[in-house]
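Take the given structure of chain P and dock chains A and D to it, following the hints.
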Amino acid sequence: MNNKIVPFLPELLRHLFKKPATVKYPFEKEAVPEGFRGNVVCDAAKCIGCMICVNDCPAEAIDIIRVSETEKKFKMILHNDRCIHCAQCVDSCPTKAYHMDAEYETAAFSRHDLKIEYK
Amino acid sequence: MEFKVSLGPQHPALHEAVSLRMTLEGEIIRDADLKLGYSHRGIEKLAEERTFTQNIYLTERICGICSHSHTTCFVQGVEQLMELIPARRGLYIRTLIAELERVHSHLLWLGVAGQEAGFESFFMYTWRDREVVMDILDWITGNRVHYAMNTFGGVRRDIDELQKKKILDSLDLLTKRTEYYLKIGANEPTFVGRLAGVGKLSREDAIALCAVGPTLRASGVPMDVRKDDPYAVYNEIPFEVCTADSCDVLGRAVVRVKELIQSYKMIEFLLKNLPDGPFKVKAPRKVKPNEVYSRYEAPRGENVHYIKSNGSDKPERLKVRAPTLANYTATIKMLKNGFIADIPLIFAAIDPCICCAERLVQLDNPRSGESKVLSFSQLRTMANDHYKKVNLLKKEAVWPF
Amino acid sequence: MAILKPILYILVYPGLIFLMVYSTFCEWFDRKLYARMQNRIGPLHTGRSGILQPVADIIKLFAKEDIVPEKADKHMFSALPVFALAIICTTALYLPLWHYSEAPSFISFPGDLIVVAYLLTLPTLIYFLAGWHSNNYFSAIGGVRVLTMLFGYEIPLLLALLSPAVLADSWRILEIARFFQDKPLLMLVNLIGFFIAVIALQAKLERVPFDIPHAETEIVGGQLTEYSGKKLAFFRLLGDIEMVVGAGLIAAVFMGGFPGGLLPGLAWFILKTLFIIFLLAAMRAATSRIRIDQMINFSWRWLAPLAVLQLFIVIIIKGMVS
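Chains as they are written, first to last, in this note's numbering: chain P, 151 to 269; chain A, 3 to 403; chain D, 56 to 377.
Isolated chain P, as found in the complex (with noise of 0.2 Å):
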């Protein structure tokens, strides 16, 4: 079959009866694949303190600080306003202290409140 006039019109009938390939998004929610690089989670605990992450990040958008004097124990600032979610941090931490979520809708009002704090 070659028609040269219209030849699209049979592909176009042929979906008129078909499920509609949208996806209704903010009702029906799709699952995001294995390995999906959402926020940034970290765990505080494993953070030896070694900055590498912050001099990597290329978004400057990790803070650590220490949080007491005598022990070695840090607070993980994200400012996720500024993230990029390019995981560069998982790659660089030595001691495996971050990992991805699957969150995708990131949204919010403020970019204040983007800012998330891992103690």
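Think of the hints as simulated: they come from the structure by calculation, not from any bench.
One should not assume that every hint holds.
Claimed, not checked - No more than 25 Å apart at the CA atoms, straight line, and that leaves these computed lysine-lysine pairs for BS3-like: (1) A:LYS282 to A:LYS167; (2) A:LYS290 to A:LYS316; (3) A:LYS310 to A:LYS47; (4) P:LYS246 to P:LYS225; (5) A:LYS168 to P:LYS169; (6) A:LYS267 to A:LYS288; (7) A:LYS185 to A:LYS267; (8) A:LYS290 to A:LYS168; (9) D:LYS126 to A:LYS390; (10) A:LYS288 to A:LYS310; (11) A:LYS185 to P:LYS196; (12) P:LYS168 to A:LYS178; (13) D:LYS126 to D:LYS285; (14) A:LYS168 to P:LYS179; (15) A:LYS290 to A:LYS310; (16) A:LYS288 to A:LYS316; (17) A:LYS288 to P:LYS246; (18) A:LYS267 to A:LYS290; (19) P:LYS246 to A:LYS284; (20) A:LYS267 to A:LYS167; (21) P:LYS222 to P:LYS269; (22) D:LYS126 to P:LYS169; (23) A:LYS185 to P:LYS168; (24) D:LYS87 to P:LYS174; (25) D:LYS87 to P:LYS168; (26) A:LYS391 to A:LYS37; (27) P:LYS169 to A:LYS178; (28) P:LYS246 to A:LYS274; (29) P:LYS174 to D:LYS126; (30) D:LYS126 to A:LYS391; (31) A:LYS321 to A:LYS310; (32) D:LYS87 to P:LYS179; (33) A:LYS47 to A:LYS391; (34) P:LYS196 to P:LYS179; (35) P:LYS223 to P:LYS246; (36) A:LYS168 to A:LYS260; (37) A:LYS6 to D:LYS126.
As the list claims (entries may be wrong) - Simulated restraints, written as ranges between beta carbons of each label pair: (38) A:ASP231 to P:HIS262: 45 to 51 Å; (39) P:LEU163 to D:TRP355: 29 to 35 Å; (40) A:ASP231 to P:THR245: 39 to 45 Å.
From the three backbone atoms N, C-alpha and C, an ideal C-beta is built for every residue, glycine too.
This is chains A and D only, laid out in the frame that chain P set:
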């Protein structure tokens, strides 16, 4: 009667801010000019203040569509500076992502061509099928647009057997659909009528005006960095350089569709011949002083990065020549003596990515030859003064110039 | 009572209220079909499966800021949308879509086909004037394209409408429709004319492949670039009502009208117009926009000769029948 019309910086046909100044005579364009500089981002300057690792993600953000192209171009340049031989498996995966990216970029372009020609159904269908390759990329890299796959010495993620199988399965569907679109594109009379014979660029002009990518290949010049100066593992993959002789927008579409089919074959080859071994090797943080010129065949054409290192962990200079910049002069040539109706098609046919090509040009005072540096507050006062003047003249001004 | 009846006709059925409700429904139907053909969903959230979306769009436009450009001709610029809507609503009154048997449509008279064809041309002229008086280059180009296209499709459309009239030996829409109701087989004679009329209607409505005057990727909004708010809403309503009236005219002239009194007549009207809108939507989905020169070429090389051929066929058949 000749009159001037300015298309853009805001115009439905343009996806980014650029201004096309047209001198029209009825429906025919007598003269064309391009005004750039609406979306300058200062990426090259920013790159000088970041480490090489950080710059991988910065170069990725030069372009949303060819994000892998820019990182690969940057990364292979820096690898050369580091005198580092990347892992073979890593190179294969890097090439695989590059070809997947070419597939998604060309499918995107097909849709855009349909949309610019007013063929909305074609746009919807190609973009629906583009989702297949987007899903693959999402699945193997962790993101749909910014894959963040490259690192010095290889790639950041491995590909397992399950992913391999899924990609091979999807390839069948994509091949079938692409052949179908080739059939539609070549047979739908209204669509062919819009594309054929539009935006002529002869072989000589294409070479003289330094066109790159599908624009050049559609003028019958088989020039492709993947063949001429193979990087990554392109010297091991069998593929053909696709060309067309029609020198028009239809030719550019045909070249892209043919390249899609070549890309499917290459992806299949890459997956079937994926070597075992590590996918990355460890890279040093500091780079010896040197300079390098890295070439890469992006979906839009030849992409060039010039990197100069000074012994620290930051580049001294990064210069990016995006393919769009090389095609601008050819676009002006193509636009002249065309119809207004063809402007969006001709302009879209080079697959413009305006942000990628925006660079700052420092202009000296043409009379005295001296250059000056202005602070932000000075610029602000200048702008305010300018608009005060414009407001005063508004009543007498003849629209739009 | 005698005065009340025409007022009721004009305001309620088949006048303003019916037209507004039905035309918005038709727009929804067209959009939904178009979307489904493209494997999309289309309007979804306003009302049941988005049926109120066109109404919502128009309400939104009415609530928007209404800008008249400084350089535009203010009086013409503001008056044109209202004129256009009034003209197209008048045209709708000529459609014989009710009590069919005894009393004809209340303003029907011998020769009303010509009047309807004439009135259908006026919105096109208003589009041109709207573009011209906006004082904008894009609008001016759009306006000129409107007129250029008018020369392309108007004559094939008139010739196509002529052939059933010749066959039925009447210039009255009502009688043409009645003629085809009596002899439904003769409808097949006008098949070519029917398709020409549908294509010309598509051009009149400025939809793909003939949306050249307001091709958004080329000349922004064409003749309507400067229009916003209420005035744009009027033009949108105009487009919707024009689609209903055009489809109704083709249904009445080529497909035997809407017999059977008030309610069956309405049912026929909806069925037949929706069929034509389906054809229009399919044409919109299956083609890409053509250039203005290609459009003129197409209408004079194909549509006009075919319309003349149709006329010859009709004359020969008429000789054979009588």
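Practice prompt. Could you check the structure against the hints above and give me the numbers of any it violates, in ascending order?
Written response: Going through the list in order, the structure violates hints 6, 8, 11, 18, 22, 28, 29, 33 and 34 and respects the others.
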